[in-house]
Amino acid sequence: MWLWFHRLGSPPSFYPFAGRLAAILAVPGLVLLLHGLYGGLWLAPADYQQGEGYRIIFVHVPAAWLSLFGYSAMAVAAVIALIWRMKVAEVFITEAAVLGAGFTAVALVTGMLWGKPMWGTYWVWDARLTSELILLFLYLGILALNSALEDERQAARACSLLALVGAVNVPIVHYSVEWWNTLHQGPTVTKFDAPAIDWRMLFPLLEIALASTLLSAAIVLLRMRNALLWRDRHSRWVQHMLRES
Amino acid sequence: MQEFFSMGGYAAYVWPSYALFLLVLFGNLGTALYQSRQIRRAIQQQGRENPL
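Keeping their order, the protein sequence lines are chains W and S. Heads up: the first sequence begins at 1 in this note's numbering, then just goes up one per residue. Heads up: the second sequence begins at 1001 in this note's numbering, then just goes up one per residue.
So here's chain S without its partners, still in its complex pose (with noise of 0.2 Å):
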């Protein structure tokens, strides 16, 4: 186990690379997700104060 985490001396180089990626994709996921509730949430809030 410890040397699969070491990765035979490229450590510093490889787990960046893995976790900038990662962070990227499911950041982005994860964002999508929140902005479709605070969306839905301000427009409904809109519609509450100001009625048809």
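Isolated chain W, as found in the complex (with noise of 0.2 Å):
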């Protein structure tokens, strides 16, 4: 186990283990999201009191849950990357928060676009959204902060501070919509011994969640993939891999 752990921490074996387990996670994450986008839009009933508009929770519960989840991951990855130094857990918090940075205002924009026909407003200050705002500029911090420092390890030490007190705000977005009277509605999925959701909408939800995690990991993946070739492009195993192709 430790010594698996070591020598995935390394980036000449990550690489070719980064590649094929991207094509791995990628295939069913695209089958699983077409025929979740075809329950969500076409199988699931319309709801009794939000009609045909209630079909963007199919986009914007998986892109809030990849905001809240990519955050958490990366904060995991800023506790490995501090106390063991590992080049891969500091390349991947600097990757996954372009996408996290990206689905966090994918949910913002989704929910307004739900809450002008639902609500009546574009935005409220709510503490759902504002903390889902706060999430988005936190994202944004940790990308800023890493193009500002020229050193890339310390670029990378700072952002994963970062990323480490910003996890406070992780639990805060969850469960706003509890500690607080918000326009937001409560949770729907997590309660789950009773999900107040059809099944029929339920499914197809689940399916396009884990349908872009998949895929947002592949994706992730890619990228780390990148930027460890161009960090290490003057390096032996880079220059190696590369002319023998």
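Each hint can be trusted.
Derived CB-CB ranges, DEER-like:
(1) Trp1015(S) <-> Val168(W): 32 to 38 Å
(2) Arg1037(S) <-> Leu183(W): 43 to 49 Å
(3) Asn1050(S) <-> Pro171(W): 48 to 54 Å
(4) Ser1036(S) <-> Ser72(W): 22 to 28 Å
Hints were generated in silico from the structure; no laboratory data involved. All C-beta atoms in this analysis are idealised placements derived from N, C-alpha and C, irrespective of residue type, glycine included.
Put the two chains together into one complex; each comes in its own frame, and the hints tell you how they fit.
Written out as structure tokens, the structure is:
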């Protein structure tokens, strides 16, 4: 186990492994995404209150889930990067932040597009919306910090610290709808004893959430490969690999 | 079919949401694959200019 962990921590063995893993994750991800979109747009019935407008949920919830899951994964990587100075973990933080910022923006914009017809407004400063906006700023802050510092290792250390400190916002986003009175609705899916949603709606929702998680993992792995290749471009393993091909 | 695209009058909210979600997902996938080619090419170019 530890040997395996150490080996994958080194870029020369991580690089081919990440490429294979990305392909293995992306294929079922694509199939599941198509099936989920079909289920969400076609098979699921209209909502009795919101009509067809509720179908935004099938992209809004997966985007919001990825925004929180991505940040949590970055916080774990930050601990590993700070303690063991693992290059692969350092690269993960900045590469995942790109995708995380994208999905946080998607969650916010799709939420606004949902809010306008249902609440009558694009935006309110309610706890869920505000904490999700702070999440976007944290992602952007990590990316800005990374590009502001010249030295790669120093930048990675600073980003790890920010990722770790910012993790306090993740439970705030998640529990905001329970801790405060928000215009945003309470949890729908996570009440697993009895989800407050018809299974014909729940199933495609979970499918798209899983599919976009698999595809995002594949994208982050590909981005990590690119970043490691460029970082190590003068090293022996990169020169070796690219000259053979 | 017409009915499907009109989304019960919510078309202006539903379709942009799906478009944005898919754009971010596949835009990122495309960028990652494209950058991989660019980086490999750049490194190989450098290798040809400065042989070991």
